[in-house]
Every structure is written in structure tokens, then in C-alpha cells.
Amino acid sequence: MKLLLVEDDPAMRTTLLRALTRLGWLVDQCADGNAALAQWQQSRPDVVLLDLSLPGLDGLQVLARAREQGLSTPVLVLTARGTVGDRVLGLNAGADDYLPKPFDLDELEARIRALVRRADHGVELTSSPHGVDIFHYEKESGAVYHQGQVLDLAPRELALLRALLARPGHAVSKERLFELVFPDASDTQVEAVEVVVYRLRKKLLPTGATVMTLRGLGYLLKTT
Numbered sequence: 006m007k008l009l010l011v012e013d014d015p016a017m018r019t020t021l022l023r024a025l026t027r028l029g030w031l032v033d034q035c036a037d038g039n040a041a042l043a044q045w046q047q048s049r050p051d052v053v054l055l056d057l058s059l060p061g062l063d064g065l066q067v068l069a070r071a072r073e074q075g076l077s078t079p080v081l082v083l084t085a086r087g088t089v090g091d092r093v094l095g096l097n098a099g100a101d102d103y104l105p106k107p108f109d110l111d112e113l114e115a116r117i118r119a120l121v122r123r124a125d126h127g128v129e130l131t132s133s134p135h136g137v138d139i140f141h142y143e144k145e146s147g148a149v150y151h152q153g154q155v156l157d158l159a160p161r162e163l164a165l166l167r168a169l170l171a172r173p174g175h176a177v178s179k180e181r182l183f184e185l186v187f188p189d190a191s192d193t194q195v196e197a198v199e200v201v202v203y204r205l206r207k208k209l210l211p212t213g214a215t216v217m218t219l220r221g222l223g224y225l226l227k228t229t
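If you want the working numbering, it's the 1-based position in the sequence shown plus 5.
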């Protein structure tokens, strides 16, 4: 596995380089945003570890430009900016995960491996304002269309699909889906989400899409 480490702090960069190399991974490194974007385009890494506070282009600019250029590599943001607002900015710019500094190296390894597992499933979702391109979500009516036809879904199935469409290319946890699919069911267990997932999978079969279970992460909508 090849990683691209983008970190401007020399001590942090050296520490991470040693730790990641010991795990048997190939690590390219750079210390500023312009070099990061060029290296990303050239080396096509499996995962990018991206600091936000960089000289030249900052991390958010690097991420936004990479996504605009079609670079879909999973990105784990590493930064001392730990506020909710900063996390939202990073995720909205196209990051796949976020790890605030200081962090434990074991957690870093686990998050990298989780991103690789997700990518290894061959998920290829094309983003649009409301989800993958084979579906169209009509905000006014709340309906979801496939090839111009309204999908015949029960309310909970529709709520589940809309939740997954809102996060294209990302897993949504079972707990979060439970909140969205069963908002007023105080006497219902979180495992009820599995039943709705099963029913939705059956109804999505003709569309070429399915709902994948990613152990430890949640559920992900993918095209086949």
C-alpha cells in the first residue's frame, strides 16, 4: 500500500514516516500544498494523510482541487483544528475521515486500514447534489427516481435510501440510520435497521445498486 503524507511540521512528519514505514507501507511525503497536489497526481496513492495548516495551498484547498480534478483517493485529515466547524469543512471539501491532533498511532493505523477496506470494496459512486447519478432525489416531494420512474418504497425504506444518498461514497453508521429511519420509535431496537436494509436491497435489485454492510462502519450505497 502506498500513502501520501502531507505534513509541514518536520518532527511530526518524521515520526509518522517512521511509524508508517515500520508497518510495511510505502510513504511519499511533502510539506506544502502545491507539492502535495502535484505528488498526488503523479503517484496516485492508496490513501492521503493531509494536514490542513500548510504553506502555499492549505489542506482544504488541496483537497478541493484534487476532487475537482477527479482524484478520488481516500483522504484522512490530520490537524490540530479540532472544532466541529473545522471537521465539517474538511468533510464537505471531500475528506473521508478526520483525526484531530494529538492522536494515538494505533488509532491512525486503524483508520487508514478502514479507509482501505472501504476502497477495496470497489465502491464507485458518482456524486451529484443529492446522491449517486443513477438516482434523482426530488427535494420538494421527497421522492427518489430511477430512470425517470419513482421508486416504490415504504416510508422507512425511502428514509434509509435518502440517508445513504446524502453521503455518497461514505458509510453511514447503523445508529445514525436508526435516528433517521425510526425518529419517533422509542420502543424499537437499533437492530430494526437491518430489516429495513434487507427490504431496501431487494427493491434496489433492478436498479443495479445495493446497500453494502461495512463491518464496524455501517452501511454504504454502491452501484454494481
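Hints were generated in silico from the structure; no laboratory data involved. C-beta atoms are modelled at their ideal positions from N, C-alpha and C, and glycine is treated no differently. You may find that some hints are simply not true.
[As the list claims (entries may be wrong)] Here are the computed lysine-lysine pairs in the DSS-like style, where the Cα-Cα straight-line distance is at most 25 angstroms:
#, residue 1, residue 2
1, K227, K207
2, K227, K179
3, K208, K179
4, K179, K207
5, K227, K208
6, K7, K106
[Stated by the list, open to error] Pair by pair, the computed Cβ-Cβ distance ranges are:
#, residue 1, residue 2, range
7, N39, E184, 35 to 45 angstroms
8, L185, N97, 30 to 40 angstroms
9, G29, Y150, 18 to 28 angstroms
10, N39, R206, 21 to 31 angstroms
11, P160, L110, 38 to 48 angstroms
12, Q152, N39, 34 to 44 angstroms
13, Q152, P105, 38 to 48 angstroms
14, E73, M6, 49 to 59 angstroms
15, T20, Q152, 50 to 60 angstroms
16, S178, N97, 33 to 43 angstroms
17, E184, R220, 12 to 22 angstroms
18, G75, E184, 44 to 54 angstroms
Hint check:
1. K227 - K207: Roughly 14 angstroms between the alpha carbons, so the hint for K227 and K207 holds.
2. K227 - K179: Since the Cα atoms of K227 and K179 sit roughly 17 angstroms apart, the hinted pair holds (cutoff 25 angstroms).
3. K208 - K179: 20 angstroms, holds
4. K179 - K207: With Cα atoms ~19 angstroms apart, K179 and K207 stay inside 25 angstroms; holds.
5. K227 - K208: 14 angstroms, holds
6. K7 - K106: 22 angstroms, holds
7. N39 - E184: 35 to 45 angstroms: Since N39 and E184 have Cβ atoms about 41 angstroms apart, the given range 35 to 45 angstroms holds.
8. L185 - N97: 30 to 40 angstroms: 19 angstroms, violated
9. G29 - Y150: 18 to 28 angstroms: 46 angstroms, violated
10. N39 - R206: 21 to 31 angstroms: 44 angstroms, violated
11. P160 - L110: 38 to 48 angstroms: 45 angstroms, holds
12. Q152 - N39: 34 to 44 angstroms: 43 angstroms, holds
13. Q152 - P105: 38 to 48 angstroms: Holds: the Cβ-Cβ distance is about 43 angstroms, inside 38 to 48 angstroms.
14. E73 - M6: 49 to 59 angstroms: Given range 49 to 59 angstroms: violated, Cβ gap about 25 angstroms.
15. T20 - Q152: 50 to 60 angstroms: 52 angstroms, holds
16. S178 - N97: 33 to 43 angstroms: 18 angstroms, violated
17. E184 - R220: 12 to 22 angstroms: 20 angstroms, holds
18. G75 - E184: 44 to 54 angstroms: About 33 angstroms separates the Cβ atoms of G75 and E184, which means 44 to 54 angstroms is violated.
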